[in-house]
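Protein chains: 2
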Amino acid sequence: MTMMKEIAEEFVALISNLFGRFSELNKGATELSHMQNHVMEFMYMQQRAMNLKEISKGLNVAKQQLTIIIRNLEARGYLTKMPDPKDKRAVLVSLTPKGKEVIEKKWTYIYERFLEKFIRLDEEEQLDFHFALHKLNVLLKKMEDEA
Amino acid sequence: MTMMKEIAEEFVALISNLFGRFSELNKGATELSHMQNHVMEFMYMQQRAMNLKEISKGLNVAKQQLTIIIRNLEARGYLTKMPDPKDKRAVLVSLTPKGKEVIEKKWTYIYERFLEKFIRLDEEEQLDFHFALHKLNVLLKKMEDEA
DNA sequence: TCACTTAGTAAACATTTTATTACTATTATC
DNA sequence: GATAATAGTAATAAAATGTTTACTAAGTGA
Numbered sequence: 000m001t002m003m004k005e006i007a008e009e010f011v012a013l014i015s016n017l018f019g020r021f022s023e024l025n026k027g028a029t030e031l032s033h034m035q036n037h038v039m040e041f042m043y044m045q046q047r048a049m050n051l052k053e054i055s056k057g058l059n060v061a062k063q064q065l066t067i068i069i070r071n072l073e074a075r076g077y078l079t080k081m082p083d084p085k086d087k088r089a090v091l092v093s094l095t096p097k098g099k100e101v102i103e104k105k106w107t108y109i110y111e112r113f114l115e116k117f118i119r120l121d122e123e124e125q126l127d128f129h130f131a132l133h134k135l136n137v138l139l140k141k142m143e144d145e146a
Numbered sequence: 000m001t002m003m004k005e006i007a008e009e010f011v012a013l014i015s016n017l018f019g020r021f022s023e024l025n026k027g028a029t030e031l032s033h034m035q036n037h038v039m040e041f042m043y044m045q046q047r048a049m050n051l052k053e054i055s056k057g058l059n060v061a062k063q064q065l066t067i068i069i070r071n072l073e074a075r076g077y078l079t080k081m082p083d084p085k086d087k088r089a090v091l092v093s094l095t096p097k098g099k100e101v102i103e104k105k106w107t108y109i110y111e112r113f114l115e116k117f118i119r120l121d122e123e124e125q126l127d128f129h130f131a132l133h134k135l136n137v138l139l140k141k142m143e144d145e146a
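Chain order of the listed sequences is A and B.
Reminder that position 14 of the first sequence reads as 13 in numbering that gives the first Met the number 0, one-by-one numbering, no gaps.
Reminder that position 7 of the second sequence reads as 6 in numbering that gives the first Met the number 0, one-by-one numbering, no gaps.
Careful, some of the hints might be misleading.
Since copy identity is lost for identical chains, a pair holds within one copy or between any two.
With a Cα cut of at most 27 Å, we get these calculated DSSO-like pairs of lysine-lysine [unchecked claim]:
id, residue 1, residue 2
1, K97, K4
2, K105, K4
3, K62, K80
4, K80, K97
5, K116, K4
6, K4, K99
7, K4, K104
8, K52, K80
9, K116, K104
10, K62, K87
11, K56, K80
12, K116, K56
13, K4, K140
14, K62, K99
15, K116, K134
16, K140, K105
Worth flagging that the hints you see were computed from the coordinates, not collected in a lab.
Input sequences plus hints: build the corresponding full structure.
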């Protein structure tokens with residue numbers, strides 16, 4: 000019982016801990032608005048073509064909004080639309096190479112800042128960190144998959 | 000070298016992994032706008048009274064914006080302002096009990112959804128998870144503090 | 001076939017967020 | 001003590017986001 004509470008609190012602490020990095024993500028990004036960024040980020044993480052409805056649900060944004068947002072992203076060359084062969088009403092949206100590049104550039108920034116700090120840990124701590132990180136990712140994934 | 004790359008990639012994966020929970024955070028929150036939420040969340044994490052300049056820097060938001068945002072939050076009873084005894088130009092902003100409650104309610108939601116999934120892991124996995132989570136938090140904190 | 005639902009678009013409108021400029025009262029510096 | 005820098009406020013315009021209603025074309029199911 001009390002162990003559960005402790006774990007959940009540590010989980011919340013972890014999220015808080017990473018919160019700062021998250022807000023960093025979209026700082027230098029003057030090329031895109033918040034929502035545009037949000038959509039791009041989501042597309043990147045999902046790693047697959049999606050129709051507007053799926054994006055709408057995933058981001059909790061009205062489909063009417065997405066029409067314009069995606070039209071702009073397409074015009075700038077970050078996304079492409081193609082008709083869904085299985086449903087003639089729908090369109091499949093996917094990232095262009097240029098679109099992927101933009102997102103990857105942002106992650107590279109975080110990635111580098113992380114390494115800067117990481118190498119200040121001593122060797123044993125680095126190993127512990129690596130092990131704990133990996134374990135956590137595996138278990139988190141497992142928790143999601145079983146849901 | 001290659002181990003560094005691997006670790007940094009796992010770190011990015013962890014952030015991605017937790018991303019979903021983040022966007023959950025402000026879903027049901029109809030009472031506050033994004034920025035208002037942002038400010039509240041920041042205040043909650045910092046756990047101390049701050050002046051506008053500090054909040055402005057921390058959130059990367061112009062102080063001119065904060066004037067109104069904070070005035071509204073104060074009017075709704077989520078924040079209180081008091082003159083800074085050390086600097087007569089400045090005001091110290093802090094969360095009211097009502098303000099803390101609002102933020103805590105949101106975290107409780109995440110907290111509960113986390114536990115739901117967590118209890119599906121077997122006992123050994125739960126122990127591993129706990130250990131890894133704790134280790135990671137400790138080391139992340141250490142990395143930050145040494146920065 | 002006929003009613004019903006769904007994917008996407010459109011336009012009008014309110015609200016929020018961002019950006020710019022300017023001002024007062026302090027504080028810091030020299 | 002004069003001058004410059006800083007904390008906060010104010011007012012405004014512009015851009016972005018959110019909401020509502022309505023429409024077309026395509027799928028669904030009796």
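Next item on the list: Enumerate the violated hints, using their earlier numbering and listing them in ascending order.
Entry: Violated hints: none at all, because every hint is consistent with the structure.
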